[in-house]
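**Student:** Guided by the hints, dock chain B onto chain A, whose structure is given.
There are 2 protein chains.
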Amino acid sequence: MTTTENPVRNGVDTATLFATLDAVKGNTDIAKFRYRATNRWVSGTHNRSTIHGFYGAMQEMTHQQPWTFDADHPAVLVGNDNGPTPVEYVLHALAACLTAGLANIAAARGVNLTEVESTVEGDIDLLGILGLSDRVRNGYEQIRVSFKLRGDDPEKLRRVVEQSRNRSAVFDIVTNGVPVAIEVDAG
Amino acid sequence: MTTTENPVRNGVDTATLFATLDAVKGNTDIAKFRYRATNRWVSGTHNRSTIHGFYGAMQEMTHQQPWTFDADHPAVLVGNDNGPTPVEYVLHALAACLTAGLANIAAARGVNLTEVESTVEGDIDLLGILGLSDRVRNGYEQIRVSFKLRGDDPEKLRRVVEQSRNRSAVFDIVTNGVPVAIEVDAG
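Top to bottom, those sequences are chains A and B. Counting in the working numbering, the first sequence runs from 1248 upward without gaps. Counting in the working numbering, the second sequence runs from 1248 upward without gaps.
Careful, some of the hints might be misleading.
Remember, identical chains collapse to one label, so a pair may be satisfied in a single copy or spanning two.
Unchecked claim - With a straight-line Cα cutoff of 20 Å, these simulated SDA-like cross-link-like pairs (lysine to any residue) come out:
hint	residue 1	residue 2
1	Lys1279	Gly1300
2	Lys1272	Asn1423
3	Lys1279	Arg1414
Note that these hints are calculated values from the structure, not bench results.
Okay, chain A solo, but in the shape it has when bound (with noise of 0.2 Å):
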């Protein structure tokens, strides 16, 4: 087998990868995840989250470090321009989660990579958001990602990203959507 022979691929533990799978098969509670992150308004549009602690492989867990991201809109939407703007976190999150995804399935089989870079971008019309049009949506009307792969034959880079978009968490989050419940205590 290529993974006994090259069990670091791509960065990739093959071996561990593997194993992961076989004792996700054998218990498949293993694989139940819940992530999470806390919110703190700071002042107007600005505000910073916390992601730290997710509950995984039957047990709480958390990151080797709190991380916190910063978030406001720039001054050209009346903000003060303290982070990037939410919307613009979704295309990261898109661009990280299918280029994590193309690094595991290359190196499952056997797929050299050099280099993988991304570009996404997300058109938005915010007559939406600021009400000024009921038939604009508020969110994007169509994202675009544009990968540049290096490494083993085109033909099998191209099958990996497909692969990945087929297997990507945020691909299928951003394109089929997620119900999401809102509870509120207003005190």
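**Tutor:** Chain B in isolation, oriented as in the chain A frame:
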């Protein structure tokens, strides 16, 4: 008008907010925005996005600085935990968008906020992305947002959250989905 009596409320410059709305009504092309993120693979599931330039208000613009964000998988998912997972960034984006919106909406309505906190949780069964079940989707099965607001009358605060949900770009993206096109340059 309340807005001229108190042009800054909740840290929102309501005078500028209303002036911006008037400007957009006068020329709807101002509202056409294109956001962008670039991403570069580092190793394994670790990759890094940069957010800096965007198009809006009929011109190419930049944020006051480029921001970079690392994403990775935790050790339990065979990564090195150099950053949150991509799906956690989606939770942050949702909390940030709803929170920015409610600060703006409250200010526009003359409603004072003193505190806004939220927790966003997403349930995901990794049998989907691991390719171990065709009946499990890749993305979140459901997302729950829990807000705690303090300030003026609780009923007014609840209506502000409701309107923020109705006008949130990320809530729309996450609940309704967006078409995503992927192109690949594999050399």
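**Student:** Quick one: which hint numbers does this structure break? Sort them smallest to largest.
**Tutor:** 2
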